[in-house]
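Listed here are the chains, written in short residue letters.
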Amino acid sequence: MKMAIAWGCLIPTRRSLIGYEAATRKILDDLDVEIADVPNETCCAPFWMQSLDITTSLAMAARNLAKAEEMGLDLLTPCSGCFHSYKRVNYVLQNYPEVHERIDRILSKAGLNYEGKVESKHLVDFLFTDIGLDEIKKHISVDLSGLEIGLRYGCHMLKPHELLNIEYSERPVFADLILELMGITSKSYIGRYRCCGGLLRGIQDELADRILHERLVDAYNANLDALVTVCSLCHLQHDMGQRIIKRKYGMDNLEIPVIHYPQLLALGFGHSPEEIGLKYHTIPTEKFIQKAMKVGGV
Amino acid sequence: MMEKPDVQPYRGDFPVTDEEINLNFKYEVSNHFGGEGLLRCLKCGACSGGCPVGSVIDYRPRRVLGKVLLGLKEEVLSGQSIWLCAACFTCEERCVQEVNFTDVITILRNLASKEGHAAQGYLQMAKTVIANGRVSKATTHVGKLREKLGLPPLQEPNMEQLQQIVHASGFIDILQYNKDGELEE
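Listed in order, the protein sequences are those of chains A and B. The first sequence maps to residues 1 to 298 in this note's numbering. The second sequence maps to residues 1 to 185 in this note's numbering.
Rather than coming from a laboratory, the hints here were simulated on the basis of the structure. Glycine included, each C-beta is placed from N, C-alpha and C at the ideal position. The reader is advised that the hints may include incorrect statements.
[Claimed, not checked] Here are a few chain B residues that face chain A, going by a calculated C-beta distance under 10 Å:
#1 Tyr27
#2 Glu28
#3 His32
#4 Phe33
#5 Gly79
#6 Trp83
#7 Ile105
#8 Leu154
#9 Val166
#10 Leu175
[Stated by the list, open to error] From chain A, some residues computed to sit far from chain B (all C-beta separations above 12 Å):
#11 Leu52
#12 Glu119
#13 Gly146
[Said to hold, decoys possible] So the derived label-pair ranges between C-beta atoms look like this:
#14 B:Asp173 <-> A:Ser108: 38 to 48 Å
#15 A:Gln290 <-> B:Pro152: 23 to 33 Å
#16 B:Gly121 <-> A:Lys2: 21 to 31 Å
#17 B:Asp173 <-> A:Ser145: 24 to 34 Å
#18 B:Gly170 <-> A:Gln290: 48 to 58 Å
#19 B:Cys44 <-> A:Ile190: 21 to 31 Å
#20 B:Asn31 <-> A:Lys187: 21 to 31 Å
#21 A:Leu133 <-> B:Glu20: 52 to 62 Å
#22 A:Gly270 <-> B:Lys43: 24 to 34 Å
Model the full structure from these sequences, guided by the hints.
Structure below.
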């Protein structure tokens, strides 16, 4: 199977996020999925940019889709924000002909053309729907039974479901099922499906802190070995933001490692923590790594 | 168990006078693509019930919708409330009338941006994208770490196409409508 891939802005450029890319490349290679980077990818102009002007934003997202279309491939992305943007482009093109024309005109000024033929897939949904549990199971070499994590799906991979065409969006289980193949216990806890406030960072920092505080209190009370995030913004909030919350709200014992979803799979596939950038996160991951190594018998 | 953050008390800002009402405002919003659902709103409050922002401050999507339907254009477009949504889409998912509040918020923010009321934080991010092609700048430090992990070197974003798009779409004008709109070098 071959897919074009758009990594987004944050994942390839942030210290704590490059592990997401490293782990994704490893597991896709293991699963025999060939990927080709969208050439000279530009920002997908997600929700915050849509807030300033949605037509511009859709045209910016369509640029990367046009490149994938030239390659004759469907588009995979590990970034939930990108996924949302790309899905919205196709949705708007199909449902609003006059906006379709406007976007065509903008793209033609940049020498681009997008017919709307590229299907966008979120990495995690792709693993579940296109690869499947049986195939993933074949690649698991390390049993991680005993690890108790809190999985955060984030918002933009799931909602709204009529736009994203993904499994039921408020209480999903598909990503938990994959982790359970490795023996991991994905704990159900209050607040795990709720928003982290990431999009308010930079415009309403006080609010972003308050919402994140709620989420971290939820996670703290759930007694987790780690939080596992799908969305890069969730990761920035919970990992980098955790320091802010610790100081601001005097939560001295707060130190929950925040792991990227594909990193956990990569561990199960037998890759080492060093290979997948687990040591570059803001909140130390040593304790989590030690426990994973112990239960995994590596 | 640790304590939850304080919730701010409710503060009303009524009554409203006739002069503040623009009867056409709701149609201005509902005629924009994505805004069709606005006129279906029953003000049931399901949106407010699921709102993560509403659980930490006195913010209620239903109130924003109420103000739009009432026609308080000036207050809505120049005020803070439309910039408080965290875009989690929970309300959009739960709304039985398919009002699509989050999409309505996008339209309101677009209208506000044209009037020079865009959130400064988002404007800064847009300027970073227009100058660099990405919302976060690549550093040599991260470049070295990428090398260590065996990742390919970062690609250069196609700045020419990006520039052509933001000029052709009129986005550069939106930056001008908002003070401090000059581009980053």
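Trp83 (chain B) as chain A interface residue, shortest Cβ-Cβ below 10 Å:
OK, holds: Trp83 (chain B) within 10 Å of chain A, min 6 Å.
Mind checking the hinted window 21 to 31 Å against the Cβ distance between Gly121 (chain B) and Lys2 (chain A)?
violated (39 Å)
Classify the hint on Leu175 (chain B) as holds or violated, based on whether any CB of chain A lies nearer than 10 Å to its CB.
holds (8 Å)
Against the range 21 to 31 Å, how does the distance between the Cβ atoms of Asn31 (chain B) and Lys187 (chain A) compare: consistent or not?
violated (47 Å)
Quick check on His32 (chain B) please, does its C-beta sit within 10 Å of some C-beta on chain A?
holds (9 Å)
Does the beta carbon distance between Cys44 (chain B) and Ile190 (chain A) stay inside 21 to 31 Å, or does it fall outside?
holds (25 Å)
Should the label of Gly146 (chain A) as a non-interface residue stand, given a Cβ cut-off of 12 Å to chain B?
holds (25 Å)
Tyr27 (chain B) as chain A interface residue, shortest Cβ-Cβ below 10 Å
Given a least distance of 17 Å, the restraint on Tyr27 (chain B) is violated.
Hint check: is the beta carbon of Phe33 (chain B) less than 10 Å from a beta carbon of chain A?
holds (5 Å)
Could you see if the CB distance from Gly170 (chain B) to Gln290 (chain A) stays within 48 to 58 Å?
holds (55 Å)
Could you check if Gly79 (chain B) really has its C-beta closer than 10 Å to a C-beta on chain A?
Gly79 (chain B) check fails; min Cβ-Cβ to chain A is 13 Å, beyond 10 Å.
Would you check whether Val166 (chain B) satisfies its interface hint, that is, whether its CB is within less than 10 Å of any CB in chain A?
The hint holds - Val166 (chain B) has a Cβ within 10 Å of chain A, the shortest such distance being about 6 Å.
Against the hints set out earlier in the document, violations occur for numbers 1, 2, 5, 11, 14, 16, 17, 20 and 22.
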